[in-house]
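Peer 1: Just so you know, the sequences run in chain order A and B.
Following our numbering, the numbering of the first sequence begins with 1 at its first residue and continues without gaps.
Following our numbering, the numbering of the second sequence begins with 1 at its first residue and continues without gaps.
Hints are not guaranteed to be accurate.
Stated by the list, open to error - Below, computed lysine-lysine pairings styled on DSS-like, alpha-carbon distance capped at 30 Å:
#, chain 1, residue 1, chain 2, residue 2
1, B, Lys58, B, Lys68
2, A, Lys51, A, Lys27
3, B, Lys108, A, Lys44
4, B, Lys22, A, Lys44
5, A, Lys51, B, Lys37
6, A, Lys71, A, Lys51
7, B, Lys57, A, Lys27
8, A, Lys44, B, Lys58
9, B, Lys108, B, Lys71
Please keep in mind that the hints were generated in silico from the structure rather than gathered at the bench.
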Amino acid sequence: NAGVMQNPRHLVRRRGQEARLRCSPMKGHSHVYWYRQLPEEGLKFMVYLQKENIIDESGMPKERFSAEFPKEGPSILRIQQVVRGDSAAYFCASSPPIGDTDGNTIYFGEGSWLTVV
Amino acid sequence: GENVEQHPSTLSVQEGDSAVIKCTYSDSASNYFPWYKQELGKRPQLIIDIRSNVGEKKDQRIAVTLNKTAKHFSLHITETQPEDSAVYFCAATYRGGYQKVTFGTGTKLQVIP
Numbered sequence: 001n002a003g004v005m006q007n008p009r010h011l012v013r014r015r016g017q018e019a020r021l022r023c024s025p026m027k028g029h030s031h032v033y034w035y036r037q038l039p040e041e042g043l044k045f046m047v048y049l050q051k052e053n054i055i056d057e058s059g060m061p062k063e064r065f066s067a068e069f070p071k072e073g074p075s076i077l078r079i080q081q082v083v084r085g086d087s088a089a090y091f092c093a094s095s096p097p098i099g100d101t102d103g104n105t106i107y108f109g110e111g112s113w114l115t116v117v
Numbered sequence: 001g002e003n004v005e006q007h008p009s010t011l012s013v014q015e016g017d018s019a020v021i022k023c024t025y026s027d028s029a030s031n032y033f034p035w036y037k038q039e040l041g042k043r044p045q046l047i048i049d050i051r052s053n054v055g056e057k058k059d060q061r062i063a064v065t066l067n068k069t070a071k072h073f074s075l076h077i078t079e080t081q082p083e084d085s086a087v088y089f090c091a092a093t094y095r096g097g098y099q100k101v102t103f104g105t106g107t108k109l110q111v112i113p
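The shape of chain A in the complex, shown without the other chains:
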């Protein structure tokens, strides 16, 4: 049973370019979360999605950032017109459906490290 899969693992973008980060949840999981982690800092919640629905995007910057989790395919975190301050590790996590016996636990992917030069 593969874990949460993220790609790319490392991404370098020039200022002003777009970054797309992909996340495939664990098999059977229908909830996806995205977190951002700056160097030496904690996990900052960005967005929580189910298939075709954004449930909570209270942690997403209002501009340049968007997320989706289509019916088919991985969840995508998109950052437009990247700036140096976007350089961070972006972690995706997934959890089983609410109502599953242990639906609380979230499992993290290996992360995508974005560097903006």
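Go by the hints and put chain B onto chain A.
Peer 2: This is chain B only, laid out in the frame that chain A set:
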């Protein structure tokens, strides 16, 4: 919304000693409290968790306690080893209409050989 505070931010212990990390939460509706360990450059990994109907849980050298009345929970690591060196995050989870996970700010644990 939920607010989770975690202390200390850094902790150094001698190998073999115990380490204790404490967290408090604000929302009495939170009902699940996992702990994650993150090594440098790697993903956070679940090491132990506790649900609101339990006061204590132990797994080998790791234990977690929960005081619902005071809204705080703690991680205890006994007989620490150098490989325990990492950043530890606590979290509080509320399962209402949807699941919301709030993390503490992390504790950097250094075990000195």
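Peer 1: Going straight from one Cα to the other, do B:Lys58 and B:Lys68 come out at no more than 30 Å?
Peer 2: 18 Å, holds
Peer 1: A:Lys51 and A:Lys27: Cα distance at most 30 Å?
Peer 2: With a Cα-Cα distance of about 13 Å, the restraint between A:Lys51 and A:Lys27 holds, given a limit of 30 Å.
Peer 1: Is the straight-line distance between the alpha-carbon of B:Lys108 and that of A:Lys44 30 Å or less?
Peer 2: 17 Å, holds
Peer 1: Mind checking the alpha carbons of A:Lys44 and B:Lys58 for me, to see if they're no more than 30 Å apart?
Peer 2: 28 Å, holds
Peer 1: Checking one constraint from the list: CA of A:Lys51 to CA of B:Lys37, max 30 Å. Satisfied?
Peer 2: Measuring from Cα to Cα gives roughly 28 Å; hence the hint holds.
Peer 1: Below or equal to 30 Å on CA atoms is what counts here, so check B:Lys57 against A:Lys27.
Peer 2: 28 Å, holds
Peer 1: Regarding the pair B:Lys108 and B:Lys71, is the alpha-carbon distance no greater than 30 Å?
Peer 2: Satisfied, since the Cα-Cα distance of roughly 22 Å is no more than 30 Å.
Peer 1: Within 30 Å, alpha carbon to alpha carbon, are A:Lys71 and A:Lys51?
Peer 2: Given pair A:Lys71, A:Lys51 holds - Cα atoms ~6 Å apart, limit 30 Å.
Peer 1: Between the alpha carbons of B:Lys22 and A:Lys44, is the straight-line distance 30 Å or under?
Peer 2: 19 Å, holds
Of the hints listed earlier, there is not a single one the structure fails to meet.
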